[in-house]
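S.K.: Sequence:
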Amino acid sequence: MNMENKFPKGFLWGAATSAHQVEGNLSNDWIKWERDNAERIASEAGEKWEKWQQDKFPEMFDAQNYISGITCDQYNLYAKDFDLAKEGGHNAHRFSIEWSRIEPEEGKFDEKEIEHYRKVLIALRERGMEPFVTLWHWPNPIWIGQTGAWKNKDTAKYFLRYARRIFNEYKDLVRFWMPLNEPGTEVSLGYLFGNQPPGIKNKIAANTAFNNLMQAQKDAYMLAKSISPDFQIGCSHFMFDIKPYGNLPWNILAAKMMDYFANHRFFEAFKDSCDFFGIQYYQLFSINLKLGGHFWGIFENKKITKMQSDLGWQIFPEGIYDVLKRASKSGKPIYITENGIADADDSRRPEFIKEHLKFVQKAIVDGVDIRGYFHWSLIDNFEFVEMRGFWPRFGLIEVDYKTMERKPKPSFYVYKKIIENNGLDE
1 MNMENKFPKG FLWGAATSAH QVEGNLSNDW IKWERDNAER IASEAGEKWE KWQQDKFPEM
61 FDAQNYISGI TCDQYNLYAK DFDLAKEGGH NAHRFSIEWS RIEPEEGKFD EKEIEHYRKV
121 LIALRERGME PFVTLWHWPN PIWIGQTGAW KNKDTAKYFL RYARRIFNEY KDLVRFWMPL
181 NEPGTEVSLG YLFGNQPPGI KNKIAANTAF NNLMQAQKDA YMLAKSISPD FQIGCSHFMF
241 DIKPYGNLPW NILAAKMMDY FANHRFFEAF KDSCDFFGIQ YYQLFSINLK LGGHFWGIFE
301 NKKITKMQSD LGWQIFPEGI YDVLKRASKS GKPIYITENG IADADDSRRP EFIKEHLKFV
361 QKAIVDGVDI RGYFHWSLID NFEFVEMRGF WPRFGLIEVD YKTMERKPKP SFYVYKKIIE
421 NNGLDE
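Residue numbers (our numbering): 1 to 426.
No lab work stands behind these hints, which were simulated from the structure alone.
Nothing here was measured: the structure is a model prediction, and the numbers come from that model.
Among the hints, a few may not be true.
[Unchecked claim] Once the Cα atoms are required to be at most 25 Å apart in a straight line, the calculated DSS-like pairs of lysine-lysine come out as:
(1) Lys157 to Lys256
(2) Lys306 to Lys51
(3) Lys243 to Lys256
(4) Lys171 to Lys108
(5) Lys402 to Lys80
(6) Lys402 to Lys354
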């Protein structure tokens with residue numbers, strides 16, 4: 001192997017999941033949203049998705065597709081999934097603790113669930129995997145939802161109480177913590193556009209929620225450092241590679257404007273309350289400014305890259321280099337905490353992984369401090385961004401949702417080989 005294709009010694013390799021998407025049998029504010037909106041979302045599928053997607057995934061017209069239910073039953077099958085991750089050579093794993101399990105009622109902690117997650121963490125340690133633990137991956141306990149969720153400034157205070165219990169319980173098992181997952185995405189989709197819980201469409205509410213989440217991150221960071229200076233605290237951020245369509249000056253201006261609000265504002269807001277940033281990259285966003293657009297006249301150009309995902313996302317491996325270079329201006333170390341593709345037949349994922357890692361490697365060579373890569377996702381799961389349900393499949397491991405059988409896909413072995421070599425073949 002060409003030594004230039006090697007990744008740094010000690011580089012962390014793994015995959016990621018979130019509790020709501022894989023555990024099953026939850027009771028939180030998102031579950032209520034699913035039940036209240038499943039019929040509506042199914043009825044709108046014909047307008048939202050293209051004909052080829054409708055033909056390939058007819059389950060999008062079934063309301064049950066949008067109710068998470070038992071999902072992948074990872075709550076009971078986590079050991080099996082971790083065995084497969086170990087077989088794949090993973091030396092790290094990112095997952096989330098479900099707040100609604102830990103604190104189902106205000107101020108009342110469930111000791112059984114605290115012990116459950118202790119077993120999960122021990123299982124990872126026994127298999128030689130470094131845990132990266134997310135405390136909030138969007139869903140909230142029902143009682144939080146009933147008090148205004150992140151519109152309510154007291155939610156940051158409630159979150160800190162939960163974080164204090166978790167940090168203290170698992171301080172001997174966890175070093176890497178991520179209090180919040182993609183706060184900007186949840187604010188945009190949940191409070192500005194209303195496409196997911198809590199379904200609010202209000203700019204003032206969105207700004208309030210963002211400020212409260214920012215406060216929660218700051219408070220959690222200070223608390224964590226007081227408990228253990230060795231804790232490494234991160235925050236993850238979803239980054240498009242935002243580019244103007246053509247050389248039209250108004251598109252260039254629109255792209256710069258969107259990059260400021262989507263990225264620059266985030267890094268400025270959170271840079272003093274984290275030790276590292278988790279970058280989550282999936283696609284190119286090509287800006288085309290037209291009057292009457294859904295968001296300040298901004299349209300996304302479709303089908304301009306050679307590869308699209310099952311969701312129609314524009315797959316652009318070079319873009320991960322661009323976003324990593326931009327994120328590096330924060331001066332913080334970077335972990336790629338999500339990167340993946342919806343690809344039900346696994347025909348594009350092997351190339352997706354290799355091509356993206358080629359540009360991750362280039363970023364490292366060019367001086368970006370990147371310390372790990374987590375593929376999204378370890379297993380197929382319930383895709384809850386904008387409530388898409390079960391039909392998009394992101395996993396390295398296939399899940400039969402009827403039998404819960406797990407089966408590694410060809411991409412699982414492609415990724416395994418890269419991990420074993422700590423680098424690329426070409």
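S.K.: Output the numbers, in ascending order, of every earlier hint that fails for this structure.
M.R.: 1 and 6
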